[in-house]
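> Chain by chain, the residues run as shown.
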Amino acid sequence: VRIGIAGAGSMGTTHAAAWASTDAALVAIAAEPGRRPTELAERYGATACASLDELIELVDVVDVCAPTDRHHDIVLAAAAAGKQVICEKPLALTSSQARAMIAACRTAGVELLVGHVVRFFPEYVAAKHAIERGAVGTPAVLRFTRSTYRPRGRGDDWFADPARSGGLLLDLMIHDIDQARWMAGDVTRVYARSLAVQRPEAGVDHCLALLTHANGAISHLEASWAYPVPVFRTRFEVAGTAGVLDHDADRDAPVRATLAAAGAAAADVPLPGSPMHEPPHTTELRHFLAVLRGEEPRRVAAVDGLAALLVAEAAARSLHSDQPEPVATEEMPA
Amino acid sequence: MSPRTDGRPRIGLLSAAHLHVDAYVANLRAAGADVVGLTDDDPGRGQAWCAAHDVPWFDRAERLLDANLDGVVVCSETADHRRDVEAAAAAGVGVLCEKPLATTEEDAAALVAACATAGVPLLTAFPMRFSAPMREVRELLATGSLGQVYAAMGTNQGELPMRHRAWFVEPTRSGGGALMDHVVHLTDVLRWYLDAEVTEVFATTNRILHAPTVTVETGGLVMLAFDSGVFASIDCSWSKPDVYPTWGGLRLELVGERGIVGVDAFAQRLTVHGGPEGPLAWPAWGSDANQGLIDDLVAVLRDGAVPSVTGEDGLAATRVALAAARSAASGAPVRLDHREPGR
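So the protein lines, in turn, are chains A and B.
Numbers given in the numbering used here equal positions in the first sequence, counted from 1, plus 3.
Numbers given in the numbering used here equal positions in the second sequence, counted from 1, plus 1.
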């Protein structure tokens with residue numbers, strides 16, 4: 004399988020490294036139009052493309068790692084060319100874009116695999132399996148926290164522009180929206196508050212959302228870009244009729260180094276993670292490859308990406324209306 | 002209030018309904034108070050409690066209130082707080098009342114007014130005001146090192162309390178479920194930390210945990226808006242299973258101008274595996290917040306000190322818990338208007 008990565012920033016770099024440890028062939032990388040990502044492409048022996056069209060010509064699978072506002076156009080171009088598609092999260096900036104992308108891929112008969120990578124983080128997978136085993140009984144009250152600093156885009160700082168990244172809700176909270184759905188099912192109502200709306204002069208964002216699930220469970224979601232560099236903390240707790248399980252990355256860190264100060268080194272785009280034999284992004288892409296080869300059922304469907312966006316959009320409406328907002332329902336063919 | 006010549010305030014206990022009375026009796030003795038006696042609507046419960054704690058039994062509240070008391074601790078069912086506090090106020094003795102102050106706003110306001118009219122001090126049992134970790138954060142905020150506080154996330158989760166006292170889950174006696182039980186502590190902490198009042202409350206609740214056993218909500222998530230612009234969430238769920246190593250816990254994180262501060266009021270504990278306590282136990286070694294509360298009561302009654310936490314504080318927190326219940330029922334946020342202290 005010939006892979007092409009559209010987008011040569013932080014996520015494109017992460018995916019390139021992940022593809023290199025699979026048996027797929029990373030053959031092409033494209034950056035923003037007009038710039039060849041020579042250095043990254045050379046590192047993996049891939050062609051540095053000057054345009055998306057050039058990349059699409061060379062590959063079987065387009066792996067979309069471009070800024071979020073570009074997802075829609077790239078996916079439509081790839082689908083029109085009959086290429087399989089992998090797309091980073093969030094699937095798109097809006098649910099209507101996502102709907103169009105799903106329809107285009109369906110029409111073209113190609114896969115659209117969404118990179119909700121937290122479904123491949125082993126601590127979350129372990130929790131999902133524990134819930135399925137009945138370890139906590141029926142989930143009732145769930146809590147998810149994802150706390151870090153605002154990422155910085157390579158070159159232009161596109162994360163800072165909500166019109167391009169979707170801001171904190173779409174870029175960060177979307178992970179835990181997907182987790183809440185994964186563990187407790189569809190969401191019908193959202194009430195949310197954010198620092199960006201309440202106190203725009205603060206210059207940082209922090210968002211809390213209370214979700215009501217269709218089955219009656221309730222979830223507390225906390226996403227933060229208010230932490231100092233280089234913090235990235237994730238936590239979750241699932242309380243159910245038989246018990247409670249929790250994870251706290253800070254509390255459960257297996258390695259603690261207390262070293263003489265050398266200045267805080269931090270990635271442009273913070274990535275959480277515990278030491279593992281395989282990084283979750285690699286696990287995710289290996290799974291996507293197996294799906295494309297018909298070897299595994301999808302762990303995350305394109306409609307999951309759309310469903311997460313619909314919850315995020317309800318949250319965004321709530322931030323401004325100060326009212327709980329219903330989540331738009333969608334006919335979602337599997 | 003006339004201070005005792007021997008400096009030992011005489012305290013009566015109005016009911017053993019609330020389990021905190023078990024702790025308070027030891028705290029009162031440690032604080033140098035005389036525990037004069039206990040009365041209870043349920044003579045069986047009261048007499049058994051008195052025998053277990055070596056406290057004289059009084060068959061009627063009037064007789065206890067007539068026993069030359071300086072103050073009472075009201076540990077009755079929440080629905081009876083108003084009756085008991087008003088009786089104490091009429092007898093001219095100071096009051097420490099368990100939380101929440103009442104099951105209705107009318108009752109809470111009435112019992113606060115009764116004490117104000119009678120000129121007797123009224124304290125609300127918010128021991129977190131006396132928790133050493135919670136106080137350290139209050140002091141940290143006062144230094145300004147966090148800068149302006151923007152947002153807060155609190156959890157005050159617990160076991161289903163009916164294992165200790167069945168009336169906690171009977172709405173006519175307790176006023177409700179997890180919302181009435183566990184919203185008030187963090188609300189009070191936030192009012193104390195922020196020196197601000199709650200202007201809007203939204204709550205979403207469910208009854209999945211213990212659904213066959215109780216009729217009240219057992220899961221609850223609440224969002225508060227303060228007049229200072231801060232928004233804060235409270236998880237008040239009874240979401241700790243019966244096998245949890247302790248009753249529950251209270252944690253709070255504050256997001257501010259210069260970072261984040263987190264506090265776990267009950268983090269000061271050992272982890273013990275094995276032995277008579279079972280496979281996992283958490284014996285606490287932190288300072289006893291209840292002792293601080295009772296010491297404050299004794300200082301008020303003996304020395305005429307100003308209470309650190311008042312009936313007004315209890316009323317404000319009760320209004321928030323009741324607003325949360327209304328929000329959960331209606332599905333819409335509930336606005337709270339401000340009242341001048343002493344109203």
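Simulated from the structure, these hints should not be mistaken for laboratory data.
Mixed in with the good hints there might be a few duds.
Okay, the calculated beta carbon distance ranges per label pair [what the hints assert, rightly or not]:
| id | chain 1 | residue 1 | chain 2 | residue 2 | range |
| --- | --- | --- | --- | --- | --- |
| 1 | B | A306 | A | M279 | 39 to 49 Å |
| 2 | A | A23 | B | A333 | 49 to 59 Å |
| 3 | A | A256 | B | A330 | 20 to 30 Å |
| 4 | B | W286 | A | A133 | 30 to 40 Å |
| 5 | B | L271 | A | P257 | 33 to 43 Å |
| 6 | A | A270 | B | A306 | 14 to 24 Å |
| 7 | A | R46 | B | G263 | 36 to 46 Å |
| 8 | B | G263 | A | A133 | 17 to 27 Å |
| 9 | A | G37 | B | T200 | 50 to 60 Å |
| 10 | A | D253 | B | S146 | 14 to 24 Å |
Backbone N, C-alpha and C fix where the C-beta goes; we use that ideal spot for every residue, glycine too.
> Look at the Cβ atoms of W286(B) and A133(A) and judge whether their distance stays inside 30 to 40 Å.
holds (31 Å)
> Per the hint of 49 to 59 Å, is the separation of the Cβ atoms of A23(A) and A333(B) within bounds?
holds (53 Å)
> Just tell me: holds or violated, for the beta carbon distance of D253(A) and S146(B) against 14 to 24 Å?
Once the Cβ atoms are compared, 21 Å apart, the range 14 to 24 Å for S146(B) and D253(A) holds.
> Given a hinted range of 39 to 49 Å, is it respected by the beta-carbon distance of A306(B) and M279(A)?
violated (57 Å)
> Using the Cβ atoms, figure out if A256(A) sits within 20 to 30 Å of A330(B).
Violated: the Cβ-Cβ distance is about 42 Å, outside 20 to 30 Å.
> Quick check: does the Cβ-Cβ distance between G263(B) and A133(A) fall within 17 to 27 Å?
holds (26 Å)
> For the pair G37(A) and T200(B), does the Cβ-Cβ distance stay inside 50 to 60 Å?
holds (52 Å)
> Quick check on a hinted range of 33 to 43 Å for L271(B) and P257(A), using CB atoms only.
violated (22 Å)
> Is it true that R46(A) and G263(B) lie within 36 to 46 Å of each other by Cβ?
holds (40 Å)
> 14 to 24 Å was suggested as the range; check whether the CB atoms of A270(A) and A306(B) agree with it.
violated (54 Å)
Going down the numbered hints, you'll see the structure goes against 1, 3, 5 and 6, while the others check out.
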